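There are 2 protein chains.
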Amino acid sequence: MSIASAIDALRPLFGNRLATSEALLEQHGTNESHFALALPDAVVFPETTQEVSDLMRICNQHGCPVVAFGTGTSLEGHHLPVQGGISLDMSRMNRVLQINAEDMDVVIQPGLTREELNVELRATGLYFPVDPGANASLGGMAATRASGTTAVKFGTMKDNVLALEVVLADGRVIRTGSRARKSSAGYDLTRLMVGSEGTLGIITEQTLRLQGQPEAVSAATCRFPSIEDAVNCVITTIQSGIPMARIELVDEMMVRGFNLYMKKDLPEAPHLFVEFQGSAAGVAEQSANFGAIAEDFGGSGFTWAEKPEDRNELWRMRHGGHYANNALQPGKKTLATDVCVPISQLAEAVTTAQRRSRELDITCTIVGHVGDGNFHCGCRVDPANAEEVARITRFAGELADMALRLGGTVTGEHGIGLGKMKYMGKEHSPDALDAMRAIKAALDPNNILNPGKILPPPHPDGDANAAQ
Amino acid sequence: MSIASAIDALRPLFGNRLATSEALLEQHGTNESHFALALPDAVVFPETTQEVSDLMRICNQHGCPVVAFGTGTSLEGHHLPVQGGISLDMSRMNRVLQINAEDMDVVIQPGLTREELNVELRATGLYFPVDPGANASLGGMAATRASGTTAVKFGTMKDNVLALEVVLADGRVIRTGSRARKSSAGYDLTRLMVGSEGTLGIITEQTLRLQGQPEAVSAATCRFPSIEDAVNCVITTIQSGIPMARIELVDEMMVRGFNLYMKKDLPEAPHLFVEFQGSAAGVAEQSANFGAIAEDFGGSGFTWAEKPEDRNELWRMRHGGHYANNALQPGKKTLATDVCVPISQLAEAVTTAQRRSRELDITCTIVGHVGDGNFHCGCRVDPANAEEVARITRFAGELADMALRLGGTVTGEHGIGLGKMKYMGKEHSPDALDAMRAIKAALDPNNILNPGKILPPPHPDGDANAAQ
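Listed in order, the protein sequences are those of chains A and B.
According to UniProt numbering, the residues represented by the first sequence are 1 to 468, in order.
According to UniProt numbering, the residues represented by the second sequence are 1 to 468, in order.
Source of the hints: derived by calculation from the structure; they are not laboratory data.
Where hints are given, some of them may not hold.
As the list claims (entries may be wrong) - One-sided excerpt, in silico: chain A residues whose CB lies under 10 Å from chain B:
{"hint": "1", "residue": "41"}
{"hint": "2", "residue": "82"}
{"hint": "3", "residue": "192"}
{"hint": "4", "residue": "282"}
{"hint": "5", "residue": "411"}
{"hint": "6", "residue": "433"}
Only a predicted model underlies this, so the values are computations on that prediction, with no experimental measurement involved.
Virtual Cβ for every residue (Gly too), placed ideally from N, Cα, C.
Work out the full structure, taking the sequences as your base and the hints as a guide.
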């Protein structure tokens, strides 16, 4: 009954696909955010569902933690094995199993990344729209209930996962959902697993909804006199019912990051990056309607990207935000906030965030999937500077409190992981957390699936267990 | 520890809002489908969340079953108290608590019906789109994961419930979700409760997503030479990406029902009922594109309904399908099937259903939310005629098997209730059912919330427990 005995039992099954080299342990114990290194005891590379099932059965018997690993691009330390055990690297389970073009769905393995999937789909005229900045694994995206720039039109992973194959804590394999577009057949285990961050089961197969390439697409950037004008333009646009495909806020600091990191020369002002999709006439109509609203809020300098390569370049720049952020103060890490509020509260939320970051002397960018009411402050932080860490943590906590006060959530898309566990007790009542704990205990009684994540311990001092 | 002792304990709290009159018991123990009368021991009319909480606490202590009751329009006997106990009639908790027009959401109590809500919203320019045929309570709609004609555009209750207040089995009150459009803050308890049919908690408050009234709307009926032509027109339309607001199949028998019940004179042929929404130019473009596809499949006799009153009449007719069905063979009841398949399989599914119903000499209509791959056979049945019941049950079972073979589900929107419990073990593996049972046991350890529904008993003979 130990991690060591579990690894001994796993060795004959996985041979050299069970690794304990220092480099591999470190690769799987590090993260893109500010969390401390947390090493697994071994990294295992399964190739089949049966192997994941065998591994879970053995680890459950031995009480050995198992943490799934996709691409390691999580921003809240989800994949860090803080209690040791196995880092289950899903990168070899990365096949497209079935493309059902007529039904606009696809069956894939979870180690596949979103960009890899879209390359595979290229010949079909279909694509998978959900796009967090990173080229994340689709398993990781499901596990964190990820979204990105297109959620305003297509929803999040919650809306785009039709079915799952999941290995439970004791090795049993279940299927949830189906290829039908809707069902009322029992509890929605698909939606329970999506966003459960590897704490309720290991996803080994996913059926995803696809979208057809639109007849016409047009994208643009435009700048605004102030961030408040930009946000008010977004609010009016959404309330007008213009079916935006994308509507992204980029503040002047983020523009500076793009200019530095990607050798751009955009004016260092607040911008909106927008995209319209539909028929040629529909796109023209939407663009004109949006243009009129933007003008009302002082929008200017419209730069249109109609050719695919220009649009790709525009969104490549936007998706590079995390890395462009690093260019602003090289050597530091990023602590990214992720609040999401009702759209009517967005101007207050964004302007408060900008004002408080300045008052607290925090270098941060503000970018957001503002059509959903979701935005991020990418705060530059030196993990070794305790005072700075405390100041930024205070700022992040203030934003979380504000989001809850405004009727929103502490995390729109990044998930809880380690970093936001301290807010769980603010967003959810003790009884709601206990309901989540009861479900966790029912499905993982030995607490081996990504232990130490999402749910703070069930007592008033629970917050102290959070990462920082 | 009995139902009687629970009722004794509840009496002082509810006074004459706890009723045991024969008429009320019967009203709450009957149903619109073919299931036998199942009487509660008492009907209770709560007025506040606190009262529901008090009631659950007491019933949990006494082991007394509690079954929520909305409008009683369920088609699978969800609300029948098959183990007696309390029928919790939510009709007095029917207020609109908060209209957030700027955020396009509304907070309501679960006893409110969808039509009542839309009357309340009239002045705002907003509406709630989900529309099962019946004027159901919104609590019941959430509990069964209902949908209807507009799901092809706006999704089901799963997609339109943002947040819930739920009373758990032991009386604790939790809130799930928020008014933010998305969140990654822990397990998705909202989606777990939606579709749980009152077996995991009692919904006492709902926050719902609203839609803006579109600038332009146009609806039409057109007829086809055969049901196969109509379905193939649907498949092509969906695959072409035309953003249909509604696309409904109505077979010749259903048209006969409309003609009889509503004094119409539609040609008795397979029809599609369609609706387009958007800008004026967009609607014109969509209509033209659909018209061209329909023509390819022999569609003719287009009748356009552009005025609101004409459209309302069209959809009132469609929503009257259940009652029009009764007009075909008065005195009988309806057993409605509800399979949903991937769209590419729809022609096979519908034509097989029509052929088999004729081979088995079953009088049935076929209607469907075919843009989702979902259709219903409304089979006329005399519950006293054992041979007829057996024949129709066999037919329904064949359709369920077919749906699963084609990658679909045994219920697209009606839910499991009593009637489809026997298919749960076909759609879900024993391990998946056990996962659902574990969740049920974790949240309702005394099995007092709508016992005897959704989950068949955990042994191979479990199907025998189903209603028939």
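Against the structure, the hints come out as follows:
1. 41: 27 Å, violated
2. 82: 18 Å, violated
3. 192: Holds - the Cβ of residue 192 of chain A comes within 10 Å of chain B, reaching about 5 Å at its closest.
4. 282: With Cβ-Cβ at 5 Å, under 10 Å, it holds.
5. 411: 5 Å, holds
6. 433: 8 Å, holds
Consistency with the previously given hints fails for numbers 1, 2, ordered from lowest to highest.
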